[in-house]
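Chain by chain, the residues:
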Amino acid sequence: MSAGLARVGVVTFPGSLDDRDALRAVELMGGEGVTLWHGDADLRGVDAVVLPGGFSYGDYLRCGAIARFAPVMDEVRAFAERGGPVLGICNGFQILCESGLLPGALVRNRSLRFVCQYVHLRVETSQTPVTADLVPGELIEIPIKHGEGQFVADGETLARIEGEGRVVFRYCSASGEVGDEWNPNGSANAIAGVRSERGNVVGLMPHPEHAVDPDVGPTGGQPLFASLLARALSRA
Amino acid sequence: MRFTFEVLVTLKPGLADPQGKAVEGALPALGWTNVSGLRVGKHVRLEVEAADEAAGRAQVDEMARRLLSNPVIEDYRILAAEPT
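Protein chains in written order, with this note's numbering: chain A, 10 to 245; chain B, 2 to 85.
A portion of the hints provided could be inaccurate.
Calculated cross-link-like contacts (lysine-lysine; reagent style DSS-like; alpha-carbon spacing at most 30 Å) [stated by the list, open to error]:
hint: 1; chain 1: B; residue 1: LYS13; chain 2: A; residue 2: LYS154
hint: 2; chain 1: B; residue 1: LYS13; chain 2: B; residue 2: LYS43
hint: 3; chain 1: A; residue 1: LYS154; chain 2: B; residue 2: LYS43
hint: 4; chain 1: B; residue 1: LYS22; chain 2: B; residue 2: LYS43
hint: 5; chain 1: A; residue 1: LYS154; chain 2: B; residue 2: LYS22
Examples of chain B residues toward chain A, derived with CB under 7 Å [unchecked claim]:
hint: 6; residue: PRO19
hint: 7; residue: ALA23
hint: 8; residue: ASN71
hint: 9; residue: VAL73
hint: 10; residue: ILE74
It should be emphasised that the hints constitute simulated quantities derived from the structure, not laboratory data.
Idealized CB from N, CA, C, for every residue including glycine.
Just chain A, with the same shape it has in the complex (with noise of 0.2 Å):
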């Protein structure tokens, strides 16, 4: 264990893809990856933990079902409950969905289609361990690529969230607009990613271990991990 460095768990699950993009984006922003296996009730004393993208156990009966009971999860649960930043990257963030961590559900695109395309993100809060050195209002550009993720949940839960100001992130034009043109996926309110109450379990569809090289395209993921290490060990 270095001294100094942002310890950041990534767990894979079967079907998962992006862990290893996640690791090295956590390494390149100046952090320690760490891997953590599904089937270890485990976190390994990291600092924070990082849910990736990919089709845990295929996607089978819904994306994230299956995987949200597996070992590791009771691990997460109590992390994030004791304050522990975590941050759920597409079927990560329907991991968590699913695990009840954060509300609501992502379901089929409205198209019917999978999307792959980079997107613009309004920072909609300050209050989460990924967004804290973002202003709301500040915009990013990262990419999705996903076949459900369009955001629902019923209107009283919808209204909730956005009264206590849970949307983290929301997708809109180059400029900022929010509205159909440039909601990929049909998502309620246009919302990309929502944290718990308490702030520290943020989940978002679109990807920004996927955007943090500026070899390979836009590098809005940066500022996120940042953050994320920022704030991971300020609570080490």
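Once you've looked at the hints, dock chain B against the given chain A.
Only chain B this time, still in chain A's reference frame:
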């Protein structure tokens, strides 16, 4: 005793069902132009070893609530239950 249960999982009424819409949209091409309200659900069949049907049904109900359906977006109904 062993019982066979069937569970029907359906999207909650208010929720858009793009899959159902796509299937419905294919029917006019086959000549059926009088269909509306088509929604797609899931059917799960399983066998349970239980003392009696009520005990088996109670277990299936809990399994349907915790895993087979997501109460945020889906309803479920336990259909036929019969000794296997």
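Hints, verified against the model:
{"no.": "1", "hint": "B/LYS13 to A/LYS154", "in the structure": "26 Å, holds"}
{"no.": "2", "hint": "B/LYS13 to B/LYS43", "in the structure": "13 Å, holds"}
{"no.": "3", "hint": "A/LYS154 to B/LYS43", "in the structure": "25 Å, holds"}
{"no.": "4", "hint": "B/LYS22 to B/LYS43", "in the structure": "16 Å, holds"}
{"no.": "5", "hint": "A/LYS154 to B/LYS22", "in the structure": "23 Å, holds"}
{"no.": "6", "hint": "PRO19", "in the structure": "5 Å, holds"}
{"no.": "7", "hint": "ALA23", "in the structure": "6 Å, holds"}
{"no.": "8", "hint": "ASN71", "in the structure": "6 Å, holds"}
{"no.": "9", "hint": "VAL73", "in the structure": "4 Å, holds"}
{"no.": "10", "hint": "ILE74", "in the structure": "5 Å, holds"}
In this structure, none of the earlier numbered hints is contradicted; all agree with it.
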